[in-house]
Amino acid sequence: MLEFMRSLLFVPGNNPGMVQNAAVFGSDAVILDLEDAVSLQEKDTARFLVVEALQTVDYHKCGIVVRINPLEYNGGADIAAVVPAAPDALLVPKVQSAADIQAVAAQVSAHEKPGQPEVKIIALIETPRGLAEAYAIASADKRVIALALGAEDYTAALGAKRTRDGLEILGARTTLLNAAAAAGIPAIDTPFTDINDEEGLRKDLALAKQLGFKGKLSIHPRQIEIIHEELNPSKEEIRWAERVVAVIRQAEQDGVGAISLDGKMIDAPIVLRARQVLKVADVLQGREV
Amino acid sequence: MAKLLKPAQAGTLESGDIMVTIVPAGAGAGVSIDLESIVLLQYGPAIQRTVEEVFKTAGIEDATIRLVDRGALDCTIRARLKAAIFRAGASEGGEHNA
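Residue numbers (this note's numbering), protein chains in the order written: chain A, 932 to 1220; chain B, 69 to 166.
No lab work stands behind these hints, which were simulated from the structure alone.
There's no promise every hint is true.
[Unchecked claim] If you only want the chain B side, here are some residues facing chain A, beta carbon under 10 Å, derived:
(1) G94
(2) D102
(3) E104
(4) T125
(5) I145
(6) R146
(7) A152
Just so you know, even glycine gets a beta-carbon here, dropped at the ideal spot from N, CA and C.
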């Protein structure tokens, strides 16, 4: 189940050991990858392996996402095979338009078995055109539960070099975030690809959190704990949120309109943010993070 | 009843995987299984049963099957068998959930 999407770990779909052990690393979701991590000649065997794993492996609380191939590269076969095995969501790569999502959603709908939970869609935006269409994509179908950014293909298309500080994708990040927020769904950040650079990953996560990302794609298990540490609400944030909620309750009891905390005005958006922080903190409490 | 059209292979020799090779056999030859496994003593009969079940479900009555097992779980064995049958031309791509 996709209760949280702080961390989504890519696992090659044709590697039995990794597919069956994917949940042990503690990520909120695993992405069983049928696309880039699988060579062209092994697409069929990977599909069979992922389907069998979905039907038999216990992934416990870990959400199960399958990255399918684009429809023009036999993604329809992936959908036909995988959807009846009931993953939580499909990660659809290289989405360029609302029509792309609608085409996938129609095929998903056609292959769902009666009574199975609705298979959701996470749209991976990794082209300039996809970014330009991000809001239309995010609101194209009710199955779409998140937008995710794939910055490697995107910067390649721009002709920009990927750097450690990520300045070249700042515009893409904020554009994606705005589109997702406008559609009322979360945005998931691009992977940090240097698996040996922990400090760089932490800085990247701090920026992503500051911008508004709720989760991050990951390409290596060792990144998961760091992602959770950086994206979880800090003790200070939780304390602040508790104080905001306490102040607003008191103001409601007293019938006071305008209120402040530490000299700063508390209005509806502040209260909303505080409640969001507490909601996440509540769910995380008692759960191994 | 389905028929294998050509020899086919699926899987790898990596740890946790199984390499499946299947070859069509003449009508009435039956299914013959040659299994090499690092866990043969403990799991050999279970693997054999899985192979027979998958082939029976696929409706294949005649085949020569060679398996080199590197400690694959049952779901991996099933996946590799089904992939090999698919590659041998005896099943359609949509029959993953059979």
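Now for the hints, and whether the structure bears them out:
The closest approach between the C-beta of G94 (chain B) and any C-beta of chain A is roughly 27 Å, which is over the 10 Å cut-off, so the hint fails. Against a cut-off of 10 Å between C-beta atoms, the interface hint on D102 (chain B) is violated, since the closest Cβ of chain A lies about 21 Å away. Because the smallest distance between the Cβ of E104 (chain B) and any Cβ of chain A comes to about 17 Å, over 10 Å, the interface hint for this residue is violated. Interface hint at T125 (chain B): violated, since its Cβ lies 13 Å from the closest Cβ of chain A, which is beyond the 10 Å cut-off.
This hint holds: I145 (chain B) has a C-beta 9 Å from the nearest C-beta of chain A, less than the 10 Å allowed. Using the Cβ-Cβ criterion of 10 Å, the hint placing R146 (chain B) at the interface with chain A is satisfied: the shortest such distance is roughly 5 Å. With 10 Å as the threshold, the beta carbon of A152 (chain B) comes within range of chain A, its nearest partner Cβ sitting at about 9 Å, so the hint holds.
Consistency with the previously given hints fails for numbers 1, 2, 3 and 4, ordered from lowest to highest.
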